[in-house]
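Engineer: Top to bottom, those sequences are chains P and E. The first sequence begins at 57 in the numbering used here and counts up one residue at a time. The second sequence begins at 4 in the numbering used here and counts up one residue at a time.
If you are wondering where the hints come from, they were derived from the structure by calculation, not from laboratory data. Quick reminder that beta carbons are idealized off the backbone N, C-alpha and C, glycines included. Any given hint might turn out to be false.
Said to hold, decoys possible - Just a sample of chain E residues kept apart from chain P, beta carbon distances all over 12 Å, derived:
1. T30
2. M35
3. M49
4. H52
5. S76
6. R89
7. Q137
8. M165
9. E188
10. L213
11. M230
Said to hold, decoys possible - Label pairs and their in silico Cβ distance ranges:
12. R98(E) <-> P167(P): 56 to 64 Å
13. S76(E) <-> I111(P): 37 to 45 Å
14. E81(E) <-> T192(P): 23 to 31 Å
15. V166(P) <-> S76(E): 52 to 60 Å
16. D77(E) <-> D114(P): 21 to 29 Å
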Amino acid sequence: MSRLNPFAKLPGLNTASVLLVESEEHFQQSLAEALVEETSVTVNVRLAKSFPLPIENDESRPRIDLVVFIINLTSELSFQSAEASLKYLEPGYFLGKVCFMVTNARSSSVPAERLDAVRRLAASLHCPLLFAEEQTPQGVTNAAERLLTILKAAAGFVPFTTPLYLSNLTRCTLPPDIDQPSFD
Amino acid sequence: MDSSGEDINDMVKKDDAPKGPSGQKETSTADMLRIKQQMSNQCFEMEVHLNAVSVAGKNRRSCSTSEAERDYSDHISELERVKTLRFNQTLALHRMQMWHAMEEKIKTNDPEADALRAVNQRCMALCCRIKQIQQETRLLQDEITELQKKRLEMKRLTHEKMKEMEDLMSRKEHPDTEKYKAALEKGQTNLEKYKKMSIMAQNVLRGLLLACKINWLDDPKLRHVAMTLEEFPITD
Numbered sequence: 057m058s059r060l061n062p063f064a065k066l067p068g069l070n071t072a073s074v075l076l077v078e079s080e081e082h083f084q085q086s087l088a089e090a091l092v093e094e095t096s097v098t099v100n101v102r103l104a105k106s107f108p109l110p111i112e113n114d115e116s117r118p119r120i121d122l123v124v125f126i127i128n129l130t131s132e133l134s135f136q137s138a139e140a141s142l143k144y145l146e147p148g149y150f151l152g153k154v155c156f157m158v159t160n161a162r163s164s165s166v167p168a169e170r171l172d173a174v175r176r177l178a179a180s181l182h183c184p185l186l187f188a189e190e191q192t193p194q195g196v197t198n199a200a201e202r203l204l205t206i207l208k209a210a211a212g213f214v215p216f217t218t219p220l221y222l223s224n225l226t227r228c229t230l231p232p233d234i235d236q237p238s239f240d
Numbered sequence: 004m005d006s007s008g009e010d011i012n013d014m015v016k017k018d019d020a021p022k023g024p025s026g027q028k029e030t031s032t033a034d035m036l037r038i039k040q041q042m043s044n045q046c047f048e049m050e051v052h053l054n055a056v057s058v059a060g061k062n063r064r065s066c067s068t069s070e071a072e073r074d075y076s077d078h079i080s081e082l083e084r085v086k087t088l089r090f091n092q093t094l095a096l097h098r099m100q101m102w103h104a105m106e107e108k109i110k111t112n113d114p115e116a117d118a119l120r121a122v123n124q125r126c127m128a129l130c131c132r133i134k135q136i137q138q139e140t141r142l143l144q145d146e147i148t149e150l151q152k153k154r155l156e157m158k159r160l161t162h163e164k165m166k167e168m169e170d171l172m173s174r175k176e177h178p179d180t181e182k183y184k185a186a187l188e189k190g191q192t193n194l195e196k197y198k199k200m201s202i203m204a205q206n207v208l209r210g211l212l213l214a215c216k217i218n219w220l221d222d223p224k225l226r227h228v229a230m231t232l233e234e235f236p237i238t239d
C-alpha cells in the first residue's frame, strides 16, 4: 500500500502544490481555476477522485503541500470515499497539511448527522474545516481565497509559521452540544 | 477510465513575473528573499519531522491523547511567550541601531546632518519647556488640592457648629423652663395670696372709714392711705 508522503520529495521554489480530492469532481474544476489566479506564488493544482493515486503519476507528481478533501454533504458516498482515502496518507500530513472542505451545507436535504460526522472527523484529526458555496462565482472565489491562506502557510510562505502552528489555530472544534438533538 | 484516476493538471496558465529582454523571468531581491524564507521554512519542517521520527524510534512509550493535548497546549503557550519576548527584544535592538545610525550621521558634517541637528535642538528645547510646564502644573495642582482641603475643613467645621447650635437650642428650653416654671408658679400663688390679703385689708379699712365717718381729708397721713385704697379693685 503506497502512501502519499509529505517529505519524500524536494519542495519547489516559489511554488505551492495542492491536491483536491473530490469523488464527484464537480467543484474541483472551478476551484482549481480560481486558485490558479494567484499571482504572487505559482500554484500547482492537482485533481483526484479518491485515493489510492495511480502509481504511473508518482514520478511526475510534485511534492504535495496541502491535501484538500472536498465533501458534498448531499451524498453519503462523498463522505465515505473521503474517509476511506484517509488511510492512504502518511501521518505526517495530518500535522496541518490536510484540510476538509464541505459544500452544500445549507441544503435542506442534508441530514444533520452527516455534518456532525464530518465535524467529528475533522476534530479528531485536528484539521481545519471550511464551508464553501459552489454555485456562485463569488462563492468559489471566496473558497479559493481561504484555501490559499492555508496553502501559503503549508508551503512555507508565511514567515515564522509552520502548518502545524496554523492548524492549531484553525482546527475544527466540536461544539459541546453536538450530541444533543438539533432544532429540526 | 481509471476510477481513481488523477489528472495531470498543470494549470499554470498565468505568467505572473515580468519578463526581461532575454525572455527569462526576472526575480527581484524581494522575491529571492521570499524564496529563501520559504526554503528555510520547509527545511525547518523536515528537520522537525526527522527529529520527531528519530525520537519516537528511541523511546516507544505510549502516551495518551489527553496527555499529548496538555503538553501541546503548554508548548503553544511557551511558544507564544518566547515569540513576544523575541519581538520586544527585536524592537529594542532596532531602536538602538537607529540611534547609533543617527549618532553617526550627526557626527559627519552634511547639510542633512545640520538639519538633523537643528531638529534635535528643537526637540530638546521643547522637552525642557515641557518639563517646566509640568512642574508648574504640579505646583498649581498642589495649591488647588490645598485649597480644596481647606474648604472641606471649613465645611466640616460649619456643619459641626450648626449641629451644636441646634443641639443647644433644643436642649436649653427644657431644663431651664422646668425649674423656672415651678418657681414661677410658686411665686404666682404667693402673689395671689398676698393680693387677696391686701384687698381684704383695704376693704376692711374702707369700711371702717365710711362707717366711722372719719375725716380723712384733713389728716395728710390718712389722706395718703385712703388714696392708695383705690389702686386695687374691689373684688368680691
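Engineer: Give a verdict on every hint.
Structural biologist: Okay, the hints, checked on the actual structure:
A beta-carbon of chain P comes within 12 Å of the beta-carbon of T30(E); the shortest separation is about 8 Å. The claim that M35(E) is not at the interface with chain P is violated, since a C-beta of that chain comes within 12 Å of its own (minimum 10 Å). Non-interface call for M49(E) relative to chain P: violated, since the shortest CB-CB distance, roughly 5 Å, does not exceed 12 Å. Residue-level check failed: H52(E) sits 6 Å from the nearest beta carbon of chain P, not beyond 12 Å.
Distance to chain P contradicts S76(E) as a non-interface residue, since its nearest Cβ pair spans about 9 Å, not more than 12 Å. Not every Cβ of chain P is farther than 12 Å from the Cβ of R89(E); the closest lies at roughly 9 Å, contradicting the non-interface assignment. Every Cβ of chain P is farther than 12 Å from the Cβ of Q137(E); the closest lies at roughly 41 Å, confirming the non-interface assignment. Distance check on M165(E): its Cβ is at least 64 Å (rounded) from any Cβ of chain P, clearing the 12 Å threshold; non-interface status holds.
Distance check on E188(E): its Cβ is at least 90 Å (rounded) from any Cβ of chain P, clearing the 12 Å threshold; non-interface status holds. Annotated as non-interface, L213(E) keeps its C-beta farther than 12 Å from every C-beta of chain P; the closest such distance is 124 Å. At roughly 119 Å from the closest C-beta of chain P, the C-beta of M230(E) stays outside 12 Å, upholding its exclusion from the interface. Here the CB-CB span from R98(E) to P167(P) is close to 60 Å, well matched to the stated 56 to 64 Å.
Look at S76(E) against I111(P): about 40 Å separates their beta carbons, and that is inside 37 to 45 Å. Here the CB-CB span from E81(E) to T192(P) is close to 44 Å, at odds with the stated 23 to 31 Å. Evaluation of the 52 to 60 Å hint for V166(P) and S76(E) yields a failure: the beta carbon distance comes to about 33 Å. In this structure the hint that D77(E) and D114(P) lie 21 to 29 Å apart at CB is violated, the actual value being about 40 Å.
Violated hints, in rising order: 1, 2, 3, 4, 5, 6, 14, 15, 16; the structure is consistent with all others.
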